[in-house]
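One letter stands for each residue in the lines below.
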Amino acid sequence: MKQVIDKWGKSFGIYLILMIVFPFVMPDEYYRSVGIIIGLHAIVTIGLCLVMGLAGQISLGQAAFWGIGAYTSAVLTTKYGLSPFVGLVASAIIPGLFAFILGRAIAGLQGYYLAMATLAFGYIVQIGITEWEPVTGGANGMISIPKVTFFGDSELSMYYLIWGVVTCVLLFSLNLLHSRVGRAFRAIHKSEIAATSMGIDVRKFKLNAFVVSGMFAGISGGLYAHYMGILDPQPFGLHESIKFLTMVVIGGMTSIWGALVGTVLINFISEGLIMMSEVIPGLQGDIDTIVFGAILVLIVMFMPEGLVPRLRTLYEKSQAKKAKAKAANLQSDQRVERKATT
Amino acid sequence: MTALLEIQNLSRDFGGVRAVNQVNFQVNKGEILALIGPNGAGKSTVLNMVSGVIPPSEGEIRFNNKGMGPVPGYEYAGLGITRTFQNLQTFDDMTVLENVMVGMHTKTQSSLFSCGMNLGRARREEQQMKEKAQLWLEQVGLASLAFSQAGSLPYGKLRLMEIARAMVTEPTLLLLDEPAAGLNHTETAEMSKMFQEIRANGTAILLVEHDMDMIMAIADRIVVLDQGTKIAEGTPREIQENPKVIAAYLGTEEEEGRG
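Heads up: the protein sequence lines correspond to chains A and B, in order.
In case it helps, UniProt numbering puts the first sequence at residues 1 to 342.
In case it helps, UniProt numbering puts the second sequence at residues 1 to 259.
Please keep in mind that the hints were generated in silico from the structure rather than gathered at the bench.
Some hints could be false.
Each computed DSSO-like pair below joins lysine-lysine, with the alpha-carbon atoms no more than 30 angstroms apart [unchecked claim]:
no. : chain 1 : residue 1 : chain 2 : residue 2
1   : B       : LYS132    : A       : LYS190
2   : A       : LYS204    : B       : LYS193
3   : B       : LYS130    : A       : LYS190
4   : B       : LYS157    : A       : LYS317
5   : A       : LYS10     : A       : LYS204
6   : B       : LYS132    : B       : LYS244
7   : A       : LYS190    : B       : LYS157
The following residues of chain A were derived to be distant from chain B, with all beta-carbon distances above 10 angstroms [as the list claims (entries may be wrong)]:
no. : residue
8   : ILE20
9   : GLU133
10  : HIS178
11  : ALA187
12  : ILE200
13  : ILE230
Treat the numbers as computed from the prediction; the structure is a model and nothing was measured.
Ideal Cβ positions, reconstructed from N, Cα and C, are used throughout, including at glycine.
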């Protein structure tokens, strides 16, 4: 943990403070529930960032893994009376298995074809959930899914439980980013030929990234089911997958922090739209789809690297202006020495 | 002389075009073998086959007496064959150090789980990778740029970085695809010296190159290809005097106009 804080320094400190303080700054329960939803989305988008931003594999089926996770835990706890803890573990494993099987099947696909295959998978899962009525309750959904009560069942304890999971997922992914495996993902993204010639088994690592992202989405889904207490197939379709994708792209695909920032932003915009629709009746309905679509287009056109990498570049440029070239050289030499001795 | 790499009747077709036709040669342990020929002679195609990027249409490649036919491309590095690329294949969004660390992939084993949890093993290996990468960056003279973004480096430096990245895999056979392309005279001379050091440390080099000064200075033997076929093989001196080579290749050297 100490090393992690050394490594991520300020960003992680700021994250922790904001995360812990948020529910106290916000006046009522409603905003805590918004915070919970953001946390649930963040778990999915951090996973999506691994597979899409790092390994360069587009997935338009992330909401399907989310849904599989949600229904796995919901069915196990309500129909078979297992404890939510067992349900949550299963909600990571089962979507992971689905991701493994899907990943194996589509291992050779790239670019548009991969996007199409994951899109189709998303539809199949949503239809599957809707039609498998005896188990999933079909379009009517499921009710009275037990709450997770590890730390009590108030909104506040749920908030901290979920953001605890977000923090774990975040640390795991940040560690991964700067490791042998993370570099393998990034190498595959840039040049599969070069990665192969460096001894990286491209298929295996793509599959790894896919499975991890599926598991993250699954865990989030499981938590979602227990938090909501009711489920229906509607949120687990293409619309939600695109929303996840937009979050990752806005924040900056290549940055784990970007996924988090994008998730917070999109959810705030979403809340803002709901508030505005109370004042302006014309904004009701699927207005958020239009807004997110527009944001996605604008980002791809004007800031394809995304928010966080763009800000980082700007920050680094301003820093570089301050320091003279010579001082910068000295500093990097010292850094080299320090890395070599620790 | 023990053969490290044996190439037997190697051919490769692209559609109806035969790019490489029945080529035979071998690379001995610890030697620099230059593969030369006019543009389109099939040099890069041979290199791509030897490095496992594309399979041969016919013929066999044996490395350390082992047939490489069924070996998947990603296992080559672990067996001791690595390469650089004619049109650089660098990981631009990583730092120079990270680029070279990717080369340590086969020397490390940490799983996804232990990397994500930052377990002891992953940390140890990370440290080991950094040190080794750092060492090779010093060897190629890029130590001061270790934390720069690779994408911001000029062409010549990226070539050196690719060589460092290939060398951390500890290859017994290094494949170089036009490493001197785009370099100035001084840089080429420095690079030649480096290749000689690499050879002195026991790594054999298969060098595809147009720069005749470099080849004549460092190659132990030369194989000449023309239109996919081997037309000559011998020491630099023998090749310089070979009338077939002069006709096919050296006669056109001026027109190729390297700077």
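Okay, the hints, checked on the actual structure:
As the CA atoms of LYS132/B and LYS190/A are separated by approximately 23 angstroms, the hinted pair is consistent with the 30 angstroms bound. Restraint check: the Cα-Cα separation between LYS204/A and LYS193/B comes to about 38 angstroms, which exceeds 30 angstroms; the hinted pair is violated. The hinted pair formed by LYS130/B and LYS190/A meets the criterion: a straight-line CA distance of about 21 angstroms does not exceed 30 angstroms. Between LYS157/B and LYS317/A the alpha-carbon distance is near 22 angstroms, which keeps this suggested pair within the 30 angstroms criterion.
This hinted pair does not check out: LYS10/A and LYS204/A have alpha carbons roughly 34 angstroms apart, beyond 30 angstroms. Of the pairs offered as hints, the one joining LYS132/B and LYS244/B is violated, with about 45 angstroms between alpha carbons and a cut-off of 30 angstroms exceeded. At most 30 angstroms may separate the alpha-carbon atoms for a hinted pair to count; LYS190/A and LYS157/B meet this at roughly 19 angstroms. With 10 angstroms as the threshold on Cβ separation, the claim that ILE20/A sits away from chain B holds: the shortest Cβ distance comes to roughly 22 angstroms.
For GLU133/A, the non-interface assignment is confirmed: its Cβ lies about 37 angstroms from the closest Cβ of chain B, beyond the 10 angstroms cut-off. At roughly 8 angstroms, the least C-beta separation between HIS178/A and chain B is not larger than 10 angstroms, which violates its mark as non-interface. Non-interface status of ALA187/A relative to chain B is broken: a Cβ of that chain comes within 10 angstroms, the nearest being about 5 angstroms off. Once the 10 angstroms rule is applied to beta carbons, ILE200/A is inconsistent with being away from chain B; the minimum gap is 5 angstroms.
No beta-carbon of chain B is positioned within 10 angstroms of the beta-carbon of ILE230/A; the least distance is around 33 angstroms.
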